[in-house]
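Starting from the structure of chain H, add chain D where the hints point.
2 protein chains.
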Amino acid sequence: MNALTALSHLVPQINQREVPAALIDALKARFGANCSTALVVREQHGRDESSFEAPPPAAVVFAEKTQDVSDAVKLAAQYKVPVIPFGVGSSLEGHLLAVQGGISIDVSRMNAVLAINAEDLTVTVQPGVTRKQLNEAVKSTGLFFPIDPGADASIGGMSATRASGTNAVRYGTMRENVLALEVVTADGSVIRTGTRARKSSAGYDLTRLMVGSEGTLGVITEVTVKLYPLPEAISAAICSFPSIEAAVRTTIQIIQLGVPIARVELIDHNTVRMVNAHSKLQLREEPLLLMEFHGSPTGVKEQAELVQEIASDHGGNAFEWASTPEERTRLWTARHNAYFAAVQSKPGCRVISTDTCVPISRLADCLLDSVREADDSGIPYFLVGHVGDGNFHFGYLLDPAQPQERIAAERLNHDLVSRALRLEGTCTGEHGVGLHKMDFLVTEAGVGAVDMMRTIKRALDPHNIMNPGKIFSV
Amino acid sequence: MNALTALSHLVPQINQREVPAALIDALKARFGANCSTALVVREQHGRDESSFEAPPPAAVVFAEKTQDVSDAVKLAAQYKVPVIPFGVGSSLEGHLLAVQGGISIDVSRMNAVLAINAEDLTVTVQPGVTRKQLNEAVKSTGLFFPIDPGADASIGGMSATRASGTNAVRYGTMRENVLALEVVTADGSVIRTGTRARKSSAGYDLTRLMVGSEGTLGVITEVTVKLYPLPEAISAAICSFPSIEAAVRTTIQIIQLGVPIARVELIDHNTVRMVNAHSKLQLREEPLLLMEFHGSPTGVKEQAELVQEIASDHGGNAFEWASTPEERTRLWTARHNAYFAAVQSKPGCRVISTDTCVPISRLADCLLDSVREADDSGIPYFLVGHVGDGNFHFGYLLDPAQPQERIAAERLNHDLVSRALRLEGTCTGEHGVGLHKMDFLVTEAGVGAVDMMRTIKRALDPHNIMNPGKIFSV
Chain H
20 MNALTALSHL VPQINQREVP AALIDALKAR FGANCSTALV VREQHGRDES
70 SFEAPPPAAV VFAEKTQDVS DAVKLAAQYK VPVIPFGVGS SLEGHLLAVQ
120 GGISIDVSRM NAVLAINAED LTVTVQPGVT RKQLNEAVKS TGLFFPIDPG
170 ADASIGGMSA TRASGTNAVR YGTMRENVLA LEVVTADGSV IRTGTRARKS
220 SAGYDLTRLM VGSEGTLGVI TEVTVKLYPL PEAISAAICS FPSIEAAVRT
270 TIQIIQLGVP IARVELIDHN TVRMVNAHSK LQLREEPLLL MEFHGSPTGV
320 KEQAELVQEI ASDHGGNAFE WASTPEERTR LWTARHNAYF AAVQSKPGCR
370 VISTDTCVPI SRLADCLLDS VREADDSGIP YFLVGHVGDG NFHFGYLLDP
420 AQPQERIAAE RLNHDLVSRA LRLEGTCTGE HGVGLHKMDF LVTEAGVGAV
470 DMMRTIKRAL DPHNIMNPGK IFSV
Chain D
20 MNALTALSHL VPQINQREVP AALIDALKAR FGANCSTALV VREQHGRDES
70 SFEAPPPAAV VFAEKTQDVS DAVKLAAQYK VPVIPFGVGS SLEGHLLAVQ
120 GGISIDVSRM NAVLAINAED LTVTVQPGVT RKQLNEAVKS TGLFFPIDPG
170 ADASIGGMSA TRASGTNAVR YGTMRENVLA LEVVTADGSV IRTGTRARKS
220 SAGYDLTRLM VGSEGTLGVI TEVTVKLYPL PEAISAAICS FPSIEAAVRT
270 TIQIIQLGVP IARVELIDHN TVRMVNAHSK LQLREEPLLL MEFHGSPTGV
320 KEQAELVQEI ASDHGGNAFE WASTPEERTR LWTARHNAYF AAVQSKPGCR
370 VISTDTCVPI SRLADCLLDS VREADDSGIP YFLVGHVGDG NFHFGYLLDP
420 AQPQERIAAE RLNHDLVSRA LRLEGTCTGE HGVGLHKMDF LVTEAGVGAV
470 DMMRTIKRAL DPHNIMNPGK IFSV
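Same order as they appear, the protein sequences are chains H and D.
Per the numbering used here, the first sequence starts with residue 20, numbered consecutively.
Per the numbering used here, the second sequence starts with residue 20, numbered consecutively.
It is worth saying that the hints were derived from the structure and are not from the lab.
No experiment lies behind these values; they were computed from the predicted model shown.
There's no promise every hint is true.
Simulated crosslink set (DSS-like; lysine-lysine; CA at most 27 Å straight-line) [unchecked claim]:
1. Lys158(D) to Lys320(D)
2. Lys365(D) to Lys299(D)
3. Lys84(D) to Lys47(D)
4. Lys158(H) to Lys84(H)
5. Lys245(H) to Lys47(D)
6. Lys320(H) to Lys320(D)
The shape of chain H in the complex, shown without the other chains (with noise of 0.2 Å):
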């Protein structure tokens, strides 16, 4: 791969359509202060956490109700402008650029939990809702909504991109815990997906559908998960390996013998090292799995017996327990600062992520090779890992002023992403395609796939008002 192929991937397309005054005004006149055109406030929704940049969108509007997304919809469906939504912002994939102009419609006052049904494990909620403050609004329940992405991102964000993180292991990720949706479609109409019940085979499932489309079918305006009680006991360990390998032929073992573990996190030497110096800690400068096991008293004392017992086989170590909720949080401060941790051992830099997932019999090639040429680049990485699940994630630390880094770092994560499609994986676990993966998309799926998914689009939003660039090129 040359430097330019290198480079088509940091820069999106930009191919700006005009945004009419008239829209502008019929939007102010609709929605009064809740629609910005203030400079700041368009340059803060025309960003995410990636590293890509394009120009701002051409208003912001804050939607209060379903019925403003709707309205806010419909007027820019009349003029044929983008629509995009946006949620906190915590997109890793530049989801949230305006890469063909448009509006942005932030959804994050529409942040109401409406309806706890405790007895059903699900509740409903606004898509402006962040997880953490759904765990607080159930928190008398007993119950508690499981999927950490790490960021406290929106409930409408997690949706669209079909997040999980670090319980998906046990508890699955957003594909299986949205139960229904209320959708905002290109027409700016309102259609509900799903019921409250737990299965059904009652036609298309639009909600998966939608779950994972990264806005470019709707807006999400109203979204239901499931619950889980809270376990009776909880325990975790941190367990020192003296090689990755070691620290992956566990975590197989562990998934392959059906162990119920509820997280286990890979986490590399060097981002320990990142880690200790970053939270004052003295962990073992080694590659490290952090676990959490939950169940009954007896049930998690089975678990961790039998995971001591695989982990010791392989040469891990220093096991460290933590089973209150103050010993928990201090061994998981590891996990949860890894990032920040990296970005302020290389002061200024910037952070390419991957994210690829592949079967977990894979994973251990997937992963020796891609530390290999990490390693060999001389570009400093950190290296962090929802395992069970075969799910891993890159982050190369870059100076922005170097651009030949950025090349460097993109064909890293160029080798990894076709390392892990070669391996039955796919080119992204969690984080979406966004604007980063269109390319490796086609290769997983395939053009008629891809063809498929555009067909989809085409037809639910003629106009390509939605969200448009994003997931692949229509």
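Same frame as chain H, now just chain D:
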């Protein structure tokens, strides 16, 4: 509802399109003896386990590989003639009927297990593999495929109807367990959806769009599903209750407490009586729950103790336990033979079966009112339910010579499903829409959502040749 309105549910809309002789000639030229126009073969492929009737398809193609399916669809597409995929014919809602004419593509000879990836807990099969065959094939790996809809259905058919059954409360449905598909689309091209990675955020979830699409978007030619480690310990129990309500309240509490029960099946006292007569058993003729617990020996013991305690609070008694496979088989006889026992109890009868699913907190209300109505009608019925999911089935036993019985049964069905929808449930938990639930789907999902399904259908199948006339009218 008057008798005529009720009757409109009974007769599928027959609108047979012409099948040109040139197509039959072309199919015979391409497939030789694997294309049959013998009436007996066509009739066998023109019905299913539903009570609907329609003229048989014009020809049956026995596909032996994906290319056969692709070629048959291409020829059908050329003449704009419907194609109806056929697995083992166990559909309950008329999915296999050639209501618009056309040809049947029988995939039962595509019954190879293509790849067992035991270390990844996945298996890839051709669509004609049945669930029992699949479990036989993976037995030596210590893994199993949990989805059990009762019938020894084909994996392709189970995918197409989003099937589930007794184990879904713990292991999910086909929605959660299909990882990847190969599909022949309406123009005869072949696409792949998904990968063997356990999670992915890569583009639209075409896998789950196809799962449950009832053959209306493509013919499934390959399926990759998840497997699970065989539990170290399995224990089954049967428990009688003084009332259906007591059994249901017990179930609700089991679920709300998060007991990871693997199966919890309700059989009402009517059905127990039929089963006793049919299988020469001496079960107490009271409503009963059949339960199964999977886990470690101590885990299973813990679950069982907790469940016994809950059941006893609701008057549940006469727990009978089974932990050897032979004892479990004997206990499960009651459940597995329920359908045949019911049919035998009224010789010559036909069965109208229903299938709804509600949030579990609504289950008692929904069931009890429906039992009352069925009792009042005087029509014999059986009642079984995967009650852990809020899913249950009534089967009304009709004398085919008495049309008014059918009208009365359809009225019961109508009232029951309407009640389930009012209680935030779905019109079909696992059987699919087929011909039977098309009106209910509109009530459940709303005109807008059904229009979205229709728009997708039209975009992906512009000549409406893929199993037309099912799910919705196009």
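Tested hints:
no., hint, verdict
1, Lys158(D) to Lys320(D), "25 Å, holds"
2, Lys365(D) to Lys299(D), "17 Å, holds"
3, Lys84(D) to Lys47(D), "17 Å, holds"
4, Lys158(H) to Lys84(H), "25 Å, holds"
5, Lys245(H) to Lys47(D), "51 Å, violated"
6, Lys320(H) to Lys320(D), "15 Å, holds"
Checked against the numbered hints given earlier, this structure breaks only hint 5.
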